[in-house]
Amino acid sequence: MSETENLTIAPPIEEVEASVERRRAARAVRERVAAVLAPIVVIVALLALWEAGTRLLAVPLFLLPPPSAIVAAMAKNVALLAAGAWVTTLEIVLGFLLSIAVGIPLALMIFLWPPFSRAVLPLLISTQAMPKVAIAPLFLVWFGFGMVPKVLIAFLIAFFPVVINTAVGLAAIEPEKIHLARSMGFGAIDTFFKIRLPDALPAIFAGLKISITLAVVGAVVGEFVGGDAGLGYLLMVANGSMDTQLLFAGIVWLTILGVALYAMVALAERLVVPHHIIARDHATGGSL
Amino acid sequence: MTLASPDTAPPYLDLQGIAKVYASRDGMVRALDHVSISGRRGAFISIVGPSGCGKSTLMMIAAGLMAPSSGRVAVDGQDILAPRTEIGIVFQSPVLLEWRTALGNVMLQAEAKRLDRASAERRARDLLAAVGLAGFEHKYPHELSGGMRQRVSICRALIHDPPQLLMDEPFGALDALTRDQLVLDLQRLCAERRIGVLFITHSVAEAVFLSDQVIVMTPRPGRIDRMIDIDLPRPRTLAMRETPAFAHYSREILDLFLARGVLREH
Numbered sequence: 001m002s003e004t005e006n007l008t009i010a011p012p013i014e015e016v017e018a019s020v021e022r023r024r025a026a027r028a029v030r031e032r033v034a035a036v037l038a039p040i041v042v043i044v045a046l047l048a049l050w051e052a053g054t055r056l057l058a059v060p061l062f063l064l065p066p067p068s069a070i071v072a073a074m075a076k077n078v079a080l081l082a083a084g085a086w087v088t089t090l091e092i093v094l095g096f097l098l099s100i101a102v103g104i105p106l107a108l109m110i111f112l113w114p115p116f117s118r119a120v121l122p123l124l125i126s127t128q129a130m131p132k133v134a135i136a137p138l139f140l141v142w143f144g145f146g147m148v149p150k151v152l153i154a155f156l157i158a159f160f161p162v163v164i165n166t167a168v169g170l171a172a173i174e175p176e177k178i179h180l181a182r183s184m185g186f187g188a189i190d191t192f193f194k195i196r197l198p199d200a201l202p203a204i205f206a207g208l209k210i211s212i213t214l215a216v217v218g219a220v221v222g223e224f225v226g227g228d229a230g231l232g233y234l235l236m237v238a239n240g241s242m243d244t245q246l247l248f249a250g251i252v253w254l255t256i257l258g259v260a261l262y263a264m265v266a267l268a269e270r271l272v273v274p275h276h277i278i279a280r281d282h283a284t285g286g287s288l
Numbered sequence: 001m002t003l004a005s006p007d008t009a010p011p012y013l014d015l016q017g018i019a020k021v022y023a024s025r026d027g028m029v030r031a032l033d034h035v036s037i038s039g040r041r042g043a044f045i046s047i048v049g050p051s052g053c054g055k056s057t058l059m060m061i062a063a064g065l066m067a068p069s070s071g072r073v074a075v076d077g078q079d080i081l082a083p084r085t086e087i088g089i090v091f092q093s094p095v096l097l098e099w100r101t102a103l104g105n106v107m108l109q110a111e112a113k114r115l116d117r118a119s120a121e122r123r124a125r126d127l128l129a130a131v132g133l134a135g136f137e138h139k140y141p142h143e144l145s146g147g148m149r150q151r152v153s154i155c156r157a158l159i160h161d162p163p164q165l166l167m168d169e170p171f172g173a174l175d176a177l178t179r180d181q182l183v184l185d186l187q188r189l190c191a192e193r194r195i196g197v198l199f200i201t202h203s204v205a206e207a208v209f210l211s212d213q214v215i216v217m218t219p220r221p222g223r224i225d226r227m228i229d230i231d232l233p234r235p236r237t238l239a240m241r242e243t244p245a246f247a248h249y250s251r252e253i254l255d256l257f258l259a260r261g262v263l264r265e266h
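As given, the protein sequences belong to chains A and B, one line each in that order.
Here the first sequence stands for residues 1 to 288, where the numbers follow the numbering used here.
Here the second sequence stands for residues 1 to 266, where the numbers follow the numbering used here.
Chain A extracted, bound-state conformation (with noise of 0.2 angstroms):
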């Protein structure tokens, strides 16, 4: 019969999901290899053609030095840029701690006390639309010149993105979700801890992973109006005496640092809370 002719020649349901699976493996293989290789030639291309274009033309060096330039600036100056970048850490880190342990009470308040909220809140945007920039110079007169105006400016700048999600995060859930915690007769203790703040996780590490970029830069700040000591003041430093390798030296390794601090944030997310990677994951069918 023709049917059964036909089937002998068409390839096995098998042999089919094999071949599909071979080009499947092939296209994830290309793909990783394009997603890691893709970024590196851009880089390497941009820093080739600011390279040439800064000898080509003959670029004075304080106006913009060729990346050999800076990478070199890098080398010379490493134990000073390691001794700035250390400094600019601790600030950066102590800011953002401060900001978490200010912010997320602060967002329990404003969450579980309705008046609270009413009166805090109006005031709490309003310190936001506020230049901060423009406060540094007085926490210098408060604080001095030492560590602590850099930290209290780099956690003015970082606390606001924590207490918005955290509060809004607290407040988004479902409300099936408590109906359900109260219908099975779990306390306001347990409704909190079980329910409402894992489900708040994901908001409230959104609001870190902003939190932690702008603590750089607060900190960063309060360098260049009173510092004598970090990346800021090593940028002020190496901007008066025109030595503008120096200054990208400084650049990159303060970039070195905010990217290396957002992936420790994104890490303990990652660990914290994986449910939520994982979802996010499959919806967008890769990883950061």
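It is possible that some hints are incorrect.
Okay, derived cross-link-like pairs now, EDC-like style, lysine to aspartate or glutamate, Cα gap no bigger than 16 angstroms in a straight line [as the list claims (entries may be wrong)]: (1) A:LYS194 to A:ASP228; (2) A:LYS194 to A:ASP243; (3) A:LYS177 to B:GLU98; (4) B:LYS113 to B:ASP161; (5) A:LYS194 to A:GLU174; (6) B:LYS113 to B:GLU86; (7) A:LYS194 to B:GLU111; (8) B:LYS139 to B:GLU98; (9) A:LYS194 to B:GLU98; (10) B:LYS113 to A:ASP190.
Treat the hints as calculated values from the structure; they're not laboratory data.
Once you've looked at the hints, dock chain B against the given chain A.
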């Protein structure tokens, strides 16, 4: 079924003259207008009605999660003034905790009730297996289909052996085949465990198929239009949906909807 309980026995769930009025910006909204329902223990009672007839409000009140503006809720003669923790509750969405596995979500109820962990876990696994989720115990909600998630939520509502389930359009978001299967599963689970159900639905067929009694509500403000006893043999089968008796009950409910303007035949 109804013959088993004498008429003199006090009703299990007794809602008397329930009214609920919401104050909204546009004035007062009458959600429920003097609704009285009483059911014996183990009865399967469905409430059908158009959207906005206060069905969900009625369920919240029957669950003790919301106080009526006036009227009385009693269970076994006891006034209900706090959430009823002995029942199982199922919403239209599964309301699973995304950070817990299927088993972990079912065990949430056991944790709330402080049940013995080992035996509760055995029960949870048995229940999951009974609704076809054996092997999925350690999957997270996002790894399950909509129908599977709703099955998990039904298991969570059953693990503490409740005398009654309150279900608010539990199959409303599912496809037709999954609905049919879950309706059959629910019938079997409730028959085996002698669990009563207060079942809220839009679906006339679902209500007739599952219920001992169907309560038809009017459009807002929600009043009881008619109570219809469904006298079909149990267990009910899918083929029964094609019988004249079944069609007669469906027709009666649809005629009410047509008469009230809920449905219009042009």
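Each hint, compared with the structure:
| no. | hint | verdict |
| --- | --- | --- |
| 1 | A:LYS194 to A:ASP228 | violated, 47 angstroms |
| 2 | A:LYS194 to A:ASP243 | violated, 56 angstroms |
| 3 | A:LYS177 to B:GLU98 | holds, 11 angstroms |
| 4 | B:LYS113 to B:ASP161 | holds, 11 angstroms |
| 5 | A:LYS194 to A:GLU174 | holds, 14 angstroms |
| 6 | B:LYS113 to B:GLU86 | holds, 9 angstroms |
| 7 | A:LYS194 to B:GLU111 | holds, 10 angstroms |
| 8 | B:LYS139 to B:GLU98 | holds, 10 angstroms |
| 9 | A:LYS194 to B:GLU98 | holds, 12 angstroms |
| 10 | B:LYS113 to A:ASP190 | holds, 12 angstroms |
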